[in-house]
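S.K.: Here the protein sequences come in this chain order: A and B.
For the first sequence, this note's numbering gives the first residue as 1, with consecutive numbering after it.
For the second sequence, this note's numbering gives the first residue as 1, with consecutive numbering after it.
Since the hints were made in silico from the structure, they are not lab data.
Among the hints, erroneous ones may be present.
[To be verified] Computed beta-carbon distance windows for the label pairs:
hint, chain 1, residue 1, chain 2, residue 2, range
1, A, G108, B, F169, 21 to 31 Å
2, B, D105, A, E107, 36 to 46 Å
3, A, L10, B, L181, 25 to 35 Å
4, B, A7, A, L53, 54 to 64 Å
5, B, R115, A, Q50, 33 to 43 Å
6, A, S110, B, F251, 37 to 47 Å
The C-beta atom is built at its ideal place from N, Cα and C for all residues, glycine as well.
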Amino acid sequence: MLLDYTTYFLAAFIATIGFGILYNVPTRTILASSLAGATGWVVYHYLSFQLDLDYFVGAGAAAFLVANCSQWFARYYRMPVIVFAIPGIIPLVPGGSAYNMMRSFIEGNSDLAFMYATETFLVSGAIALGLSVNSGLLQALSSRTLGKRDKRYLP
Amino acid sequence: MESYPAADILDVCVEAGRVMLENGAETYRVEDTLYRIAKSYDLVYINVFVVPTALILTVQGRDKQDHTELLRMTDRQTNLEKVAKVNDLSRQLSQQILSPDEVKDKLKEIKYTPRNFKQWQRNLAIACACGCFPLLFGGTYEDMLPSFIAGGLGHMLFDFVNRWTNVSFFAEMLAAFFIGLCAVLFISLGLGNNVDTIIIGSVMCLVPGMAITNSFRDLMAGHLLAGVAVVAKALLTAGAIGIGIAMVLTFL
Numbered sequence: 001m002l003l004d005y006t007t008y009f010l011a012a013f014i015a016t017i018g019f020g021i022l023y024n025v026p027t028r029t030i031l032a033s034s035l036a037g038a039t040g041w042v043v044y045h046y047l048s049f050q051l052d053l054d055y056f057v058g059a060g061a062a063a064f065l066v067a068n069c070s071q072w073f074a075r076y077y078r079m080p081v082i083v084f085a086i087p088g089i090i091p092l093v094p095g096g097s098a099y100n101m102m103r104s105f106i107e108g109n110s111d112l113a114f115m116y117a118t119e120t121f122l123v124s125g126a127i128a129l130g131l132s133v134n135s136g137l138l139q140a141l142s143s144r145t146l147g148k149r150d151k152r153y154l155p
Numbered sequence: 001m002e003s004y005p006a007a008d009i010l011d012v013c014v015e016a017g018r019v020m021l022e023n024g025a026e027t028y029r030v031e032d033t034l035y036r037i038a039k040s041y042d043l044v045y046i047n048v049f050v051v052p053t054a055l056i057l058t059v060q061g062r063d064k065q066d067h068t069e070l071l072r073m074t075d076r077q078t079n080l081e082k083v084a085k086v087n088d089l090s091r092q093l094s095q096q097i098l099s100p101d102e103v104k105d106k107l108k109e110i111k112y113t114p115r116n117f118k119q120w121q122r123n124l125a126i127a128c129a130c131g132c133f134p135l136l137f138g139g140t141y142e143d144m145l146p147s148f149i150a151g152g153l154g155h156m157l158f159d160f161v162n163r164w165t166n167v168s169f170f171a172e173m174l175a176a177f178f179i180g181l182c183a184v185l186f187i188s189l190g191l192g193n194n195v196d197t198i199i200i201g202s203v204m205c206l207v208p209g210m211a212i213t214n215s216f217r218d219l220m221a222g223h224l225l226a227g228v229a230v231v232a233k234a235l236l237t238a239g240a241i242g243i244g245i246a247m248v249l250t251f252l
């Protein structure tokens with residue numbers, strides 16, 4: 001099992017590096033963003049397949065984790081959050097369910113297609129929720145310092 | 001403190017906004033940065049309005065005159081390093097004021113920064129990423145090579161068609177169709193085990209991850225107009241990929 005998870009970690013790590021290079025992430029932060037992406041994927045896999053929770057629970061938790069890691073990396077490196085969050089979120093995107101939905105529709109199996117459609121919708125919603133819960137928490141916890149700095153547009 | 005004409009400061013702001021928006025920053029970040037730059041030059045009544053394809057900026061200068069500039073954007077790409085650099089520059093400005101000419105020079109320098117990696121290196125990187133996705137989606141080690149080849153070639157085709165026709169919907173559809181064909185071809189040649197995981201893995205290079213993440217960050221920041229516009233873009237891309245793959249699957 002440890003070997004499995006090492007493989008998943010490495011695969012997600014390389015995949016995130018690839019997207020980091022495509023989006024031209026600054027070279028000194030590529031490893032940090034890949035670390036966020038790979039950790040997020042391992043958490044998603046553990047929650048969804050090992051503990052047998054619903055997919056969207058795992059995706060939400062993983063997206064929250066990726067966003068939280070990105071937040072801390074962004075402070076450490078003094079860079080915008082998107083530099084870390086965008087490559088990190090990519091492996092979580094429900095490409096598999098979307099593909100299965102399309103395939104079932106083509107094969108005329110609409111019951112199965114609607115099941116996959118619901119899954120796709122729920123997982124993307126959960127990713128959005130994970131991202132937004134993180135930024136909401138950040139805002140709630142640091143509202144005093146933000147007020148001092150005359151920040152008009154909040155993230 | 002020295003005071004500069006409001007028109008010059010506006011030029012600097014618009015140029016900074018152009019660089020950020022062109023390279024894939026979230027809308028709220030562009031608004032925030034422009035607001036801070038204008039604020040650091042002691043302008044008052046600053047109003048910034050940004051949507052993914054345009055930005056409008058209105059300020060009142062020392063002379064009690066209102067100044068407005070509008071910028072229309074056409075081409076967008078993704079280059080997060082430039083976004084990070086402009087963000088840095090705006091932070092520097094809030095610490096220490098530079099003259100608008102100096103800022104303009106710095107922005108020009110940022111604008112012409114070359115990408116960190118060449119075109120073929122980027123294609124190789126994205127092919128490696130596609131090669132790893134079958135493992136994540138329950139495939140086997142045999143699926144990695146076909147996905148690597150299909151993803152890399154598919155992304156090259158997407159880049160080429162997108163630059164040639166400038167219609168990204170068409171480019172995505174064509175690339176997805178090509179990826180589907182490649183996967184079916186590899187399976188019939190005996191490379192790889194499962195056509196589904198190969199297609200899912202290699203189609204990931206077209207997935208609009210940027211649009212999905214940015215649109216939700218914009219929506220949460222209360223920029224409903226911009227957020228919904230970017231969601232529409234993401235849905236369009238997803239639809240294009242779906243149609244391209246569906247065309248292959250109907251003939252399967």
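S.K.: Between the beta carbons of A7 of chain B and L53 of chain A, is the distance compatible with 54 to 64 Å?
M.R.: Given range 54 to 64 Å: holds, Cβ gap about 58 Å.
S.K.: Holds or violated: the 21 to 31 Å window for the beta-carbon distance between G108 of chain A and F169 of chain B?
M.R.: This hint holds: roughly 26 Å between Cβ atoms.
S.K.: Between L10 of chain A and L181 of chain B, is the Cβ distance one that fits in 25 to 35 Å?
M.R.: holds (29 Å)
S.K.: So the hint says 36 to 46 Å: do the beta-carbon atoms of D105 of chain B and E107 of chain A match that?
M.R.: violated (60 Å)
S.K.: Looking only at beta-carbon atoms, does the pair S110 of chain A, F251 of chain B fall within the given range of 37 to 47 Å?
M.R.: violated (20 Å)
S.K.: Is it true that R115 of chain B and Q50 of chain A lie within 33 to 43 Å of each other by Cβ?
M.R.: holds (39 Å)
Taken one by one, the earlier hints fail for this structure at numbers 2 and 6, listed in ascending order.
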